[in-house]
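Chemist: For the record, the sequence lines run as chains H and C.
For the first sequence, the numbering used here gives the first residue as 1, with consecutive numbering after it.
For the second sequence, the numbering used here gives the first residue as 1, with consecutive numbering after it.
Because the hints were derived from the structure by calculation, they are not lab data.
Watch out, some of these pointers could steer you wrong.
Restricting the straight-line Cα-Cα distance to at most 16 angstroms, the calculated cross-link-like pairs of lysine to aspartate or glutamate (EDC-like) are [as the list claims (entries may be wrong)]:
1) 233/H to 46/C
2) 301/H to 38/C
3) 45/C to 119/H
4) 13/C to 99/H
5) 233/H to 41/C
6) 118/H to 62/C
7) 118/H to 71/C
8) 51/H to 46/C
Which bits of chain C does chain H cover? Going by a derived footprint, with three or more residues having C-beta under 8 angstroms, they are [as the list claims (entries may be wrong)]:
9) 63–72
10) 115–127
For each residue, glycine too, the CB sits at the ideal point set by N, CA and C.
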Amino acid sequence: MKLDFEHRQSAHCESGVTSSLLRKISGNKITEPLAFGIGAGLFFCHIPLIKINNGPAIAFRTFPGLIFKRTCNALGIPVVRKKFGSKTNAEAFLQRCLDEGKPAGCQVGVYYLSYFPKEYRFHFNAHNLIVYGKEDDNYLISDPVMETTTTLTSYELERVRFAKGALAPKGQIYYPDTTAKITDEQLRKAIIKGIKNNVNQMLRIPGNFAGVKGIKYTGEKIKKWRDKLGLQKAGSYLAQLVRMQEEIGTGGGGFRYIYAAFLQEAHVYTQQDELLEISNIFTQAGDLWRTAAVHAAGIYKGRLGSQEDFNQMGDYLAEIGELEKAAFTQLKNIKWK
Amino acid sequence: MPQDLGALGKITKEVCYATDSSGKYVTELSNGWKVKTDALDVAWKEVEERIATAKQRVLNGEASPLLFFMEYRLMDPGILADYTGYWKWQIKRHLKPEVFKRLSQRKLQKYADAFNVKVEDLKTMTVHEA
């Protein structure tokens, strides 16, 4: 059985899945940047003391699951979302979705995801894909980061739906109400809500290690890494920062380019001319993240390594923090028409 | 738009967002970027070193083959506990060679399943994957 579903490749898995699941009912209007922006996807967070893969826990995007949830919320679309204790029930539920003609989003872990290149298989459990059919024992998979559709056997799919460790998916499945309709006016309101959400998330979040303040915080930490960890370990930490920023799924520049693209699309629906200028600032921020990544690569490839080089890296982040603070403050101050 | 062939580029190109000559955002496909390929290499080199160290420790009789497979599968005791249903303290016990040797076939099978290997291979630190 194969549902009528068009695969579309995207940069980031969750915003890609969200836009694909909403495409039909929105009449093709919900693009990936719109899903990312309405879902208030842009974030920065450096959780102290916690280690991921023996390196710092740094994220450039919001908590997994929130983009889909917020986007549907803002558009007023009811959502079905379920987790399972039993693998049998999880598969039965998926089968029922397919029987009812609904492509379903699934949260999966990538470690045992067979079509992924080995180099990308870490125990990362917040990947998302869409199941849109089944032929014999093979589920038909639309994985947003892949160029084409792919398949997983029922065992392979079960294994990744029940991956273990941090953020274990527990068979999580979700889909929007496909009878809903999305009008341009709904879209406009959702865009404004998404921007306000993102402003709060970046400017008002308490604590010093998240939001725009978090970027500076990480910059200050980096300056101390060389003495505290030794050159090699400090280099590995920087490599981890760059991976979180540029790796598969970010669209480049730690999601800053996707967000800039979102603001351009938001302009079409809201006619707020400020958005175009602010979009430029996010492009600059993305460029600066990339400049910092090139500098970091100099350190982990061994071309650079003095304390001065680490200070420079920290200063880059401080500069980015200021830039993004300015951008979000301008977003906050928009008088919406 | 960087086009340096990386590990993913061999399997699939990835979507990136970039501005065209008029400043409008468009999506483009990228094969990868040297800076991030290098970052990924750093991570895997570290993993390789950890695996080698673990292997030596098992050969020296300081740890059971579990240690080797935990490093090989990038699992800490927490993840392994979730996959097997054992408590972390049990796993720490099973990391001792003399305790590991006395484990029943049934218990070994749980580890073998978690690591996606056969029990025989689990005992001998054999991996068949490239």
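Chemist: What's the verdict on residue 118/H and residue 62/C, does the C-alpha distance respect the 16 angstroms limit or exceed it?
Modeler: With Cα atoms ~29 angstroms apart, residue 118/H and residue 62/C exceed 16 angstroms; violated.
Chemist: Quick check: the segment 115–127 of chain C, covered by chain H? Criterion 3+ residues, Cβ under 8 angstroms.
Modeler: violated (count 1)
Chemist: Does residue 38/C sit within 16 angstroms of residue 301/H, going by the straight-line distance between their CA atoms?
Modeler: holds, 7 angstroms
Chemist: Would you mind confirming whether the straight-line C-alpha gap from residue 118/H to residue 71/C stays at or under 16 angstroms?
Modeler: This hinted pair holds, its Cα atoms lying about 15 angstroms apart.
Chemist: Would you check the hint for residue 51/H and residue 46/C, treating anything up to 16 angstroms between C-alpha atoms as holding?
Modeler: Within the cut-off at roughly 15 angstroms; holds.
Chemist: Given the hint that residue 13/C pairs with residue 99/H, test it: the Cα-Cα distance must not exceed 16 angstroms.
Modeler: violated, 32 angstroms
Chemist: Taking a Cβ-to-Cβ distance below 8 angstroms as contact, does the segment 63–72 of chain C have at least three residues touching chain H?
Modeler: n = 0 at 8 angstroms, threshold three: violated.
Chemist: Is it true that the CA of residue 45/C sits at most 16 angstroms from the CA of residue 119/H?
Modeler: Since the Cα atoms of residue 45/C and residue 119/H sit roughly 11 angstroms apart, the hinted pair holds (cutoff 16 angstroms).
Chemist: Hinted pair, alpha-carbon criterion (16 angstroms max): residue 233/H, residue 41/C. Please report holds or violated.
Modeler: holds, 14 angstroms
Chemist: Would the hint linking residue 233/H and residue 46/C be met if the CA-CA limit is 16 angstroms?
Modeler: holds, 10 angstroms
Hints 4, 6, 9 and 10 from the list above are not met by this structure, while the remaining hints are.
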